[in-house]
Amino acid sequence: MEHPKEDFVVLETGNCLMAYFEARKISKFFGGLAAVNGVSFKVEQGQIYGLIGPNGSGKTTIFNLINAYFPLTKGEILFEDQKISGLKTHQICQRGIGRTFQIVKPLKRMSVLDNVIASAFLRVRRKQDAVAVAEEAIEFCGLTAYKDKLAKSLPIAMRKRLEITRSLATKPKLLLLDETAAGLNPSEVEQAIEIIKKIRDSGITIVIVEHIMRVIMSISDKILAINHGMVIA
Amino acid sequence: MKRVYVPLALLIVLILFPLVVTDAYYQHLMILVLLWVAIGSGWNLISGYTGQVLFGAAAFFGVGAYTAALLLSKLDVSAWWGLPLGGLVAVLIAFPFGWICFRLRGPYFALATLALNEIFRHIATIWESLTEGMVGILVMQTFISKIPYYYIALALAAGSVIMIDVVTRSRLGYYFVSIREDQDAAESMGINTVYYKMISLCLSACVIGLAGALYTNYMGFIDPKVVFSLHDISIMAILVGIVGGVSTVYGPAMGAFIMVAIQEVFRSGGFGLLVKLGKATGWPVMATVTKYVSEAHVLSFGLLVIFVILYLPNGVVGDWSTLRKTLLFWKRETA
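Chains F and A, in that order, are what the protein sequence lines are.
Under the working numbering, residues 1 to 233 are what the first sequence spells out, in order.
Under the working numbering, residues 1001 to 1335 are what the second sequence spells out, in order.
None of these hints come from the bench; they were simulated from the model.
Warning: the hint list may mix true and false statements.
Unchecked claim - The calculated SDA-like cross-link candidates involving lysine to any residue, where the alpha carbons are at most 25 Å apart (straight line), are:
1. F:88 with A:1199
2. F:147 with A:1165
3. A:1225 with A:1142
4. F:88 with F:24
5. F:108 with F:159
6. F:25 with F:86
7. F:152 with A:1309
8. F:88 with A:1309
9. F:127 with A:1171
10. F:108 with A:1168
11. F:83 with A:1194
12. F:127 with A:1165
If you're wondering where the values come from, they're calculated on a predicted model, not measured in any experiment.
Make a model of the complete structure from these sequences and hints.
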């Protein structure tokens, strides 16, 4: 039996070393203002990757670039060895990157369950299946008590949690969490941390933007600090 | 179970209606109501459920109507073929329109649909070699009796209500409502918003186009002023939706009934009551009153919309529980 050639093995190791998710020198200019300027980072599978920085430093813009809410000015983004920059927002979600919004965007005049069913339909066709997926996600995030409430009637902590639930229902491999603990009281923050850890344990890679240092220090495997759209640490 | 029984009972009543009520005038009114149920349902799908307000329902209605009429006058094909084709042509119009105009959001999209309406009205007016312009097109009616038209209109109305019911409880319905509630959130939930808005618009256009083609067959005469009318078709479609209840399955049906009834009460001067009153009393002032009342139906629509917005913001069907409570309370008070 023939053994694989030496260089083939090397190539394979090279592939393994390649990051699960990688941003290469991404930049975004709004007119002359560089909101994000040449930021590069790599995220390994199963990690919780933290992004920190002061207000206006470009953290949310990075999310908006990853999920193609804005087009990139320069650079490229790779996910699972494939280039995803240039795809549309919904296509990126189909590839398995879910996100939550810092300024929550609940579908207000729908019940919590319907909110989550709508996003569960991404992976399943039949309604029964979508309901099952949605109920599982709601249970996972502890929103069961609010299931039949209208999304607009929820308090902020639950709205933040609904954001997470809704993106989980799209069965993401990578989840972008944008300030999910902002505006929560200490006990709600604890619950949020628990949920984020649970999501990580279920095998989903997470990139998180957070202001509350206690949150980010206690859960992140790796942290990137940015200011003025550039990496500082 | 109530969900099935009540509409079923209503359907049976509607099926029996022309057999019981043989007066051609009331049959005519019911045909109009059924046509408006279809148009209102079409409007409701794109505007109520998907949240893309359509100000130009008459564009699709008129295109459907003209398709049927032109088939007969130019190609000598029975205008009945216009029924399926009217729907199809309306979709063909909706497709490029949506593809271009769904880049616009909210009120800008609504204005674009208004423009579409006007574009087609002008085309139909100016292109005389094809459409006969303001002279209009005459189509001989196939049946003298109103009953065949009644059942076709009933089929169309029931079909459109069932279509809405099925669509809104499926994946499509969830996507449409998600787009209405927040387009950015919908995008990040993996919904291709442009694609699903197109589906919604095409379904709506198809239903409205079918209604237009049926109108040609039934009325036997169309001209640009009638079928591309902004206030008699486009605005009426919106009123039917709002009065009945936006984004409710049975709202347009209720709205159609109320709107046609009000229009007719005013147009006929309280079903001829005012004329009789004028004759009985012999007051000359009654003739003037009758004249003004019969022209005041548009004004009455305005008043009705104000009333609905103030007291029943979700329409008669949408606020049914509130309405019933109020009525019950009122009855108890007076008893």
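Inset, instruction - Sort out which numbered hints this structure fails and list those numbers smallest first. - result: 8
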